[in-house]
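K.L.:
The residues making up each chain are set out below.
4 protein chains.
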Amino acid sequence: MLNVALLGYGRIGQMHAENLFNHSKFNLLYVYDKNYKLALKSKNKFKNKVITNYKIALNDKKVDIIFIASPTPTHIKFIEESVFFNKIVFCEKPLDLNISKVKACIKKLSKKNPKIQLGFNRRYDPGHFQLKKDLKKKKIGILQKIIITSRDPAPPPINYLKESGGLFKDMMIHDFDLCRFYLENDEIIELSATASSFTNFYKKIKDHELASVTMKSRKGVICVITNSRQSSYGYDQRVELFGSKGMLISGNQNTNQTEIYNSSSTSSKKPYLNFFIERYKDAYKNQLNDLAKFAKKNIKPRSVFLDGYKALELAENANSSFKLKKVIKTS
Amino acid sequence: MLNVALLGYGRIGQMHAENLFNHSKFNLLYVYDKNYKLALKSKNKFKNKVITNYKIALNDKKVDIIFIASPTPTHIKFIEESVFFNKIVFCEKPLDLNISKVKACIKKLSKKNPKIQLGFNRRYDPGHFQLKKDLKKKKIGILQKIIITSRDPAPPPINYLKESGGLFKDMMIHDFDLCRFYLENDEIIELSATASSFTNFYKKIKDHELASVTMKSRKGVICVITNSRQSSYGYDQRVELFGSKGMLISGNQNTNQTEIYNSSSTSSKKPYLNFFIERYKDAYKNQLNDLAKFAKKNIKPRSVFLDGYKALELAENANSSFKLKKVIKTS
Amino acid sequence: MLNVALLGYGRIGQMHAENLFNHSKFNLLYVYDKNYKLALKSKNKFKNKVITNYKIALNDKKVDIIFIASPTPTHIKFIEESVFFNKIVFCEKPLDLNISKVKACIKKLSKKNPKIQLGFNRRYDPGHFQLKKDLKKKKIGILQKIIITSRDPAPPPINYLKESGGLFKDMMIHDFDLCRFYLENDEIIELSATASSFTNFYKKIKDHELASVTMKSRKGVICVITNSRQSSYGYDQRVELFGSKGMLISGNQNTNQTEIYNSSSTSSKKPYLNFFIERYKDAYKNQLNDLAKFAKKNIKPRSVFLDGYKALELAENANSSFKLKKVIKTS
Amino acid sequence: MLNVALLGYGRIGQMHAENLFNHSKFNLLYVYDKNYKLALKSKNKFKNKVITNYKIALNDKKVDIIFIASPTPTHIKFIEESVFFNKIVFCEKPLDLNISKVKACIKKLSKKNPKIQLGFNRRYDPGHFQLKKDLKKKKIGILQKIIITSRDPAPPPINYLKESGGLFKDMMIHDFDLCRFYLENDEIIELSATASSFTNFYKKIKDHELASVTMKSRKGVICVITNSRQSSYGYDQRVELFGSKGMLISGNQNTNQTEIYNSSSTSSKKPYLNFFIERYKDAYKNQLNDLAKFAKKNIKPRSVFLDGYKALELAENANSSFKLKKVIKTS
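Chains as they are written, first to last, in my numbering: chain A, 1 to 331; chain B, 1 to 331; chain C, 1 to 331; chain D, 1 to 331.
Just so you know, these hints were derived from the structure itself, not from any lab. All C-beta atoms, glycine included, are put in the ideal place defined by N, C-alpha and C. Any given hint might turn out to be false.
[What the hints assert, rightly or not] Restraint ranges, calculated between C-beta atoms of paired labels, are given here:
#1 K281(D) to N185(B): 30 to 40 angstroms
#2 S263(D) to S263(A): 50 to 60 angstroms
#3 Q230(C) to N185(B): 19 to 29 angstroms
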């Protein structure tokens with residue numbers, strides 16, 4: 001059993017706690033949250049200890065893994081301290097909103113050869129990952145295009161949104177990462193971004209409601225990402241890989257597999273699973289399988305620290321492209 | 001060019017006239033209808049001659065084909081006379097409602113070795129026929145089940161209905177025939193029928209609103225047919241072939257290939273093509289290709305006189321099974 | 001927390017143990033299996049006690065629920081004893097293969113007003129249950145037809161099969177029950193069955209490979225069930241409800257939501273979830289929610305003892321109909 | 001009846017001839033082609049006259065419509081002469097590859113107020129047009145995104161390709177036009193293009209195998225177009241309109257409505273209709289209905305000369321954006 005200290009017990013932290021508790025390879029030893037009362041709620045459910053200072057976990061030699069699900073600005077600090085204490089780290093995305101801070105962290109930790117898994121959950125989704133496997137098996141020949149549609153059902157609360165770092169860093173970061181996931185050894189060399197808003201709200205907070213980014217890889221693969229902060233029909237998550245010999249699609253998941261037919265329409269399906277905790281339920285569990293293998297057998301997980309950095313870099317470039325109205329060379 | 005005399009210029013006759021006119025192998029020479037005024041309407045469109053007596057066509061040596069699209073009770077008479085005049089015959093389904101009359105006709109014509117194509121349009125549908133081809137290619141191994149769903153959008157006018165011979169002979173006859181089409185050399189040996197009605201109307205005219213028939217073939221194939229006289233979501237026409245190594249489905253056709261997504265449903269498609277003239281548009285055309293090859297090269301069409309007789313026999317057995325509440329041995 | 005004693009720790013028992021263990025309302029106190037070694041395996045996983053005699057559980061006043069997942073022939077005995085000890089009972093389907101035994105049990109327990117939930121898992125499937133809800137909301141007007149397709153991916157082991165009671169009692173019993181579920185206060189009055197086999201194996205053990213049953217309800221609803229013991233493309237589980245104003249379909253579940261397109265086909269989806277433990281995963285969990293409410297608040301679950309009896313009765317009638325080649329009056 | 005002179009009897013000209021011949025409102029009077037022998041083939045089929053000089057048609061007062069289906073470089077000349085002779089004009093896309101020539105033509109004809117319908121066939125496609133109607137009915141609220149996927153099954157012959165004007169002018173011109181069709185009174189203000197090739201062939205002829213263009217409208221609608229010259233799974237033609245209250249999709253058309261299920265995949269559909277003459281069969285017919293109304297009742301067709309010019313202008317801008325690696329202001 002791997003002993004885990006969970007830092008952060010908000011919405012996503014609570015989900016991780018439950019998954020860790022139910023996973024046969026993990027023992028949820030500690031839960032920490034700045035909000036102690038919130039953290040206390042975990043105790044009854046998962047029989048874990050609740051700590052008022054996360055350093056207790058760092059100093060406890062029984063702890064194998066520091067699991068970071070706290071607010072973004074604390075990520076780098078927690079990572080650095082955990083690595084210093086020789087802990088294995090799992091960290092939620094994004095690493096940070098400030099790329100300089102991430103670069104500095106890379107430098108600082110470079111000699112430690114740290115074990116850090118990054119929470120890019122979509123890489124662990126059974127459907128999205130199936131595409132990766134089929135791609136490797138050459139089921140569509142040579143990859144030529146990646147088209148990702150990603151639409152949230154509704155924007156997050158305004159307070160979150162203001163601190164989010166903007167659509168490219170907060171939301172599209174997942175899609176930048178997915179493109180890199182499928183491109184594997186190929187590299188993105190060009191990027192062009194556009195964005196727009198239909199309500200003044202987004203303009204006021206200097207963010208966007210809709211955005212689209214087009215990228216090109218060294219080999220010539222064209223990647224198109226399109227995002228929306230609001231989608232009336234639910235959480236829309238589609239990946240299309242187009243190759244010389246075929247096309248692969250990873251589609252959406254409906255609430256259930258029923259259809260209705262009547263005088264106005266046929267084959268009407270249920271709304272989509274809503275929201276990421278439901279849609280990526282299996283992905284979050286699969287992520288833990290990778291973490292267990294990473295900790296026990298040193299098998300590299302699907303996403304690591306560097307992937308967090310690279311995706312952030314693309315998000316930075318998207319912001320530049322949008323402002324400068326030009327194509328950005330990304331490497 | 002094959003010269004054709006069309007007998008009957010009702011709804012289905014008009015469609016045949018147009019298809020014959022547009023087909024490169026046929027010349028629509030004569031149109032006859034008991035209602036002369038109705039027949040006259042064809043003239044302007046198709047430049048054909050309109051005749052007041054169908055015998056003119058029979059006596060004209062230029063006429064190759066007698067195309068029968070007149071009311072059911074006239075079919076046998078027209079067939080017999082046409083064969084007597086050595087014409088090739090195309091006849092709409094059903095042959096007749098009275099099976100004795102059909103048997104007598106078979107006897108009468110037995111020495112003439114007549115060329116008679118029967119208008120079981122579904123055999124010529126690209127989808128339904130694709131299944132036949134895939135079945136022959138052993139794409140699903142050994143055929144084990146045939147499941148046919150056939151639902152009309154709305155019942156025909158009451159006057160038609162009263163004379164129709166009842167659901168089994170009028171509507172399910174197509175499905176009996178389709179089963180035989182897929183069974184090929186295998187033979188139906190048992191049949192059991194049930195039916196019901198949700199309005200008094202059908203009971204009054206001694207007919208049914210809904211029916212279902214289960215049959216078994218000599219080899220053990222189970223065939224299930226389910227029919228409805230009314231379907232709120234349109235003309236529902238599905239065939240499912242289940243085999244030892246797979247399943248084939250021939251599905252419905254929507255008005256167009258668009259979908260709508262909103263807060264209450266996803267992937268909603270348009271209603272189905274409505275009604276048989278639209279749904280089986282290509283089938284009616286393909287039927288003529290068979291007719292041309294039958295006339296010119298003596299290649300047997302997908303459906304002939306005997307198929308009309310066999311389907312009628314099954315319909316008779318369905319009526320018996322329903323009345324007697326038992327399984328009928330059909331051979 | 002409700003204390004549960006689980007009787008039977010085979011494949012299905014193990015799944016129930018895990019679900020009970022993870023459910024917040026249940027405490028898995030005892031596990032019993034005739035095979036003690038097998039039962040012992042539960043201990044490490046679920047921290048339960050393993051007992052060598054099920055009577056320990058019956059005599060323990062802390063035990064609220066006897067959860068029966070043992071072989072079919074033991075069901076009635078366990079039910080009767082549990083009720084005698086005033087326990088709440090959950091029992092897997094079928095109740096028994098011998099309807100006289102079930103009738104005797106009903107008589108014996110009639111004065112006890114026992115609380116017995118029956119494990120007809122499909123009633124608890126989110127999709128199949130959605131249809132029930134939509135039906136109640138009159139989304140398809142008046143129900144006119146129920147069409148159920150149910151195909152197992154592969155037949156069970158021969159030893160199981162020989163003792164199974166035959167296709168109608170072992171496999172189609174689920175579908176008889178589902179029909180009753182949707183019919184609600186309406187009643188099945190007629191039944192006709194057919195069956196066949198394509199290998200000698202089934203004939204030898206006097207069972208069938210394929211079967212189809214047609215039933216009619218008092219109101220006129222036609223129910224068609226079609227079963228196969230083997231399906232090359234996986235576990236096929238479909239329900240179609242046809243009504244005066246629309247149609248509802250509860251469809252299959254694919255391994256994941258990906259599709260492949262290439263030169264030979266388009267929109268190809270993954271195989272189906274295989275087998276019942278995967279396909280009905282959510283159903284088995286939902287079942288426990290009902291059990292908790294039944295135990296704590298006396299809210300009747302979706303399926304009870306009587307439903308087990310009624311489904312068995314229909315299976316008996318199906319056997320008769322098949323043998324006698326006639327329609328059976330079922331009420 | 002409207003008398004038509006068809007100029008050009010190549011592949012597309014032959015299809016138009018057949019449609020005109022079968023349309024009740026048109027009389028195909030003349031066919032002209034530089035290749036007289038080719039033109040002669042029309043005579044037998046459509047009973048038209050074949051002329052060696054197109055001016056015969058221009059000088060014949062009986063001729064109402066000049067229908068231009070000749071090679072692109074002749075379009076402007078034929079349009080100008082036809083308008084001079086007061087003929088109504090139908091012209092295939094594109095108007096010309098040289099935008100200056102088109103501008104000069106606009107100037108020249110400006111006082112004539114000419115009646116010119118442009119052959120942007122996709123505007124007449126039942127599916128794509130359904131989206132337009134649903135958009136107008138506010139079925140998806142306010143339009144926010146247009147996403148068009150358009151992939152040819154295989155590149156045209158090399159000789160055609162060299163003269164084609166390149167992917168943006170030859171192929172994507174349809175998609176530029178479709179965007180404008182849906183945007184209606186809204187205007188494209190920004191455009192960014194990328195392209196790539198996986199074989200040297202395209203680089204040699206200074207063209208692209210794949211391309212993607214992102215545009216933004218004055219109101220903020222983001223339009224994404226993605227094209228490929230080769231698609232292993234057939235002619236891929238999809239339109240997605242995303243709005244504040246829903247999404248509309250116009251999808252592909254399969255060869256027929258059959259599906260196959262086996263041990264490796266489920267719901268596999270047939271390949272797509274291949275190629276534009278099959279896929280847009282109905283569109284080409286609907287186009288003629290507009291032409292008839294344009295000629296007889298002066299009702300403006302869905303696409304006119306100006307649409308041809310505007311689409312060409314966007315294609316020019318796409319070429320510039322690709323070369324200059326920057327966003328182009330398009331108005």
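K.L.:
Taking the hints in turn, state whether each one holds.
P.N.:
Now for the hints, and whether the structure bears them out:
{"no.": "1", "hint": "K281(D) to N185(B): 30 to 40 angstroms", "verdict": "holds (37 angstroms)"}
{"no.": "2", "hint": "S263(D) to S263(A): 50 to 60 angstroms", "verdict": "violated (38 angstroms)"}
{"no.": "3", "hint": "Q230(C) to N185(B): 19 to 29 angstroms", "verdict": "holds (24 angstroms)"}
When held up to the earlier numbered hints, the structure conflicts with hint 2 and nothing else.
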